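Student: Given next are the chains, with one letter for each unit.
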Amino acid sequence: MITIHDISFRYDKKQVYDGFSLHIPEGQSCLISGINGVGKSTLLRLMAGVLRPDQGRITYSPKLGTVPKKKIGFISDRLSLYESLTVVQGIELHQSAFGLDGFDDSLLKHLKIGENQSIKSLSIGQRTIFHLSLVLAARPEILLIDEIIHSIDAYLRKFFLDQLIRLLSERRMTIVTVNVNFHDIEHMIDRVILLKSGRIAVDEEIDDLKDKVKRVVAARPPEGLPVLSTGGSPERPDYFIYPFEEEFRRRIDGEIIDLNLTEIVAAFIGGEYV
Amino acid sequence: MFKKELREIWKPVILRLIVVLAIPVVMTVMMARTSPEHMPNLIRDSFPIALIWVANFLGVTAFKAEFEDRSLEYWLTFPQGAGERFARKAAPRFALVLSMVLFYGVLCAISGSLVSDPRAFKIVGPCSVFFFINGCLCGFLSDRNLRMVANVVTFFSFGILTFGFSRILLPLFPKINQTVSPAVVSFSAFLIVAGIMGGIFLSSARKFDLRAPQLFLKRVRAFGLPLLLALDIAALVFHFAGHRT
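As given, the protein sequences belong to chains A and B, one line each in that order.
Each number in my numbering corresponds to the 1-based position in the first sequence with 11 added.
Each number in my numbering corresponds to the 1-based position in the second sequence with 437 added.
Some hints here could point you the wrong way.
[What the hints assert, rightly or not] If you want a taste of the chain B side facing chain A, the calculated C-beta under 8 Å gives, among others:
#, residue
1, 511
2, 516
3, 521
4, 664
[To be verified] Computed cross-link-like contacts, SDA-like style, restricted to lysine to any residue with a CA-CA straight-line distance of at most 25 Å:
#, chain 1, residue 1, chain 2, residue 2
5, B, 440, A, 211
6, B, 441, A, 74
7, A, 24, A, 37
8, A, 81, B, 449
9, A, 24, B, 440
10, B, 655, A, 111
11, B, 448, A, 118
12, B, 440, A, 53
13, A, 24, B, 579
14, A, 131, B, 673
15, B, 501, A, 102
16, B, 644, A, 16
17, B, 655, A, 29
18, A, 25, B, 604
19, A, 24, B, 656
20, A, 25, A, 39
21, A, 81, B, 648
22, A, 25, B, 655
23, A, 169, A, 137
24, B, 448, A, 64
25, B, 441, A, 16
26, A, 24, B, 580
27, A, 81, B, 504
28, B, 644, A, 99
29, B, 441, A, 235
30, A, 24, B, 650
31, B, 441, A, 94
32, B, 501, A, 53
33, A, 81, B, 658
34, A, 25, B, 667
35, A, 24, B, 517
36, A, 25, B, 448
37, A, 74, B, 655
38, B, 655, B, 645
39, A, 74, B, 648
40, B, 441, A, 118
Don't read these hints as lab results, they were simulated from the structure.
Since this is a predicted model, take the numbers as computed values, not measurements.
Yeah, the Cβ is synthetic: ideal placement off N, Cα and C, and Gly gets one too.
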């Protein structure tokens, strides 16, 4: 669905990507993570076409037609809508820009967002749902969601994610999300990509990744095993092993614990800070 | 899109027009008691100022909403090509400038005595084009202070370069109609200023994305404004040195 061919990208003097390539097939839900400033949001913006690579190119499936942006929905972490407009004016603008005839306002009605309410007066959660409604009106094939889910309250977060899950079951949509808190979205993710210094450090299907990363609670470091990072307390240290192999179980003198996605990513990110 | 752009500009434009037009109206009312024939001249002299002011303002508003709302990113997600992007920004603004020029023409016609004076039209034409283009370019600067400085520097550069060029160009057109040669001089100055600002703009906007405003800002600060100031100084030195000899 999206193919990134050998791109380079820089902000002023900071080289973010140099010879970066990635392919995301149709219908996949992909999570991109990494430490702050590694270029997660930049990658999403490159895919959305709001940033352009200095070198290389990004291609989209022919299914998206000659103007791929028409079928790409991008919800930025900045939630950068026109604040001076009212909700109805924002809808009209979006319809005119994307050449849309209709607009499904069921999400807005659910949140009791009034048509004449100004966008500025919406809470972050309401604005996220409003932005999602706008984006979905164009029936996107690709949905790019930046780090916004954690900034909305528990009810709206669940509401937002329920909508996404419904969409995923109804349509074969490709979703790429950037996030640091994965508890809520773990069940809808197919693939995890961890970035490090402008390169892909980990690219795994989520189930494979869970099999490959384990936490070992042991008195001393497991000898000869690939320790990704350490955690816990000095009295009770933890060792994160990657890639974990089944035969390691015989060699480990301690407890082996399965990890959820949040813990896995934290283990990778923790390794970068140590 | 057109409606959204128009919504952003019409109210401030009306306000500015009222301010500018209020001055000649008050003066006209005052002077009409003694010499009513001043009225057409006041309209002729004040309307170009209004037009220039409004055109400059319209240019500055071109990307103002995107900067203030931080919505440039959202705007960039719209499925539109580079040409379409600028056409959508420029169309309502050009429409407004054009309608003002037409309104001015109607005023000229009504006042009667101005119809025989082509100078007014000569002033409005190049100036409105210059200030519209320049205003749009300055509007692209996300930094408010620099935008103000750029507007002032380009405005005075236009004037100073016209002044400097008059020494070179006017002697070249001694036999041309007196109303045409000043326009040629102004147009040459316009080309220089627009060339510098436009060149920087095009080089920054070649790959129009979120970084373009920052890149444009950096280049205008590093090259555009110093170059214009240097040209202004050179033009003034040339003019006055030539005057002394």
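Student: Each hint: holds or not?
Tutor: Results for each hint:
{"no.": "1", "hint": "511", "result": "holds, 4 Å"}
{"no.": "2", "hint": "516", "result": "holds, 4 Å"}
{"no.": "3", "hint": "521", "result": "violated, 10 Å"}
{"no.": "4", "hint": "664", "result": "violated, 22 Å"}
{"no.": "5", "hint": "B:440 / A:211", "result": "violated, 44 Å"}
{"no.": "6", "hint": "B:441 / A:74", "result": "violated, 31 Å"}
{"no.": "7", "hint": "A:24 / A:37", "result": "violated, 35 Å"}
{"no.": "8", "hint": "A:81 / B:449", "result": "violated, 33 Å"}
{"no.": "9", "hint": "A:24 / B:440", "result": "violated, 40 Å"}
{"no.": "10", "hint": "B:655 / A:111", "result": "violated, 38 Å"}
{"no.": "11", "hint": "B:448 / A:118", "result": "violated, 33 Å"}
{"no.": "12", "hint": "B:440 / A:53", "result": "violated, 32 Å"}
{"no.": "13", "hint": "A:24 / B:579", "result": "holds, 20 Å"}
{"no.": "14", "hint": "A:131 / B:673", "result": "violated, 49 Å"}
{"no.": "15", "hint": "B:501 / A:102", "result": "holds, 20 Å"}
{"no.": "16", "hint": "B:644 / A:16", "result": "holds, 18 Å"}
{"no.": "17", "hint": "B:655 / A:29", "result": "holds, 24 Å"}
{"no.": "18", "hint": "A:25 / B:604", "result": "violated, 48 Å"}
{"no.": "19", "hint": "A:24 / B:656", "result": "holds, 15 Å"}
{"no.": "20", "hint": "A:25 / A:39", "result": "violated, 31 Å"}
{"no.": "21", "hint": "A:81 / B:648", "result": "holds, 22 Å"}
{"no.": "22", "hint": "A:25 / B:655", "result": "holds, 16 Å"}
{"no.": "23", "hint": "A:169 / A:137", "result": "holds, 13 Å"}
{"no.": "24", "hint": "B:448 / A:64", "result": "violated, 39 Å"}
{"no.": "25", "hint": "B:441 / A:16", "result": "violated, 37 Å"}
{"no.": "26", "hint": "A:24 / B:580", "result": "holds, 21 Å"}
{"no.": "27", "hint": "A:81 / B:504", "result": "holds, 23 Å"}
{"no.": "28", "hint": "B:644 / A:99", "result": "violated, 32 Å"}
{"no.": "29", "hint": "B:441 / A:235", "result": "violated, 65 Å"}
{"no.": "30", "hint": "A:24 / B:650", "result": "holds, 16 Å"}
{"no.": "31", "hint": "B:441 / A:94", "result": "holds, 12 Å"}
{"no.": "32", "hint": "B:501 / A:53", "result": "holds, 24 Å"}
{"no.": "33", "hint": "A:81 / B:658", "result": "violated, 36 Å"}
{"no.": "34", "hint": "A:25 / B:667", "result": "violated, 32 Å"}
{"no.": "35", "hint": "A:24 / B:517", "result": "violated, 29 Å"}
{"no.": "36", "hint": "A:25 / B:448", "result": "violated, 42 Å"}
{"no.": "37", "hint": "A:74 / B:655", "result": "violated, 39 Å"}
{"no.": "38", "hint": "B:655 / B:645", "result": "holds, 15 Å"}
{"no.": "39", "hint": "A:74 / B:648", "result": "violated, 29 Å"}
{"no.": "40", "hint": "B:441 / A:118", "result": "holds, 24 Å"}
Violated hints, in rising order: 3, 4, 5, 6, 7, 8, 9, 10, 11, 12, 14, 18, 20, 24, 25, 28, 29, 33, 34, 35, 36, 37 and 39; the structure is consistent with all others.
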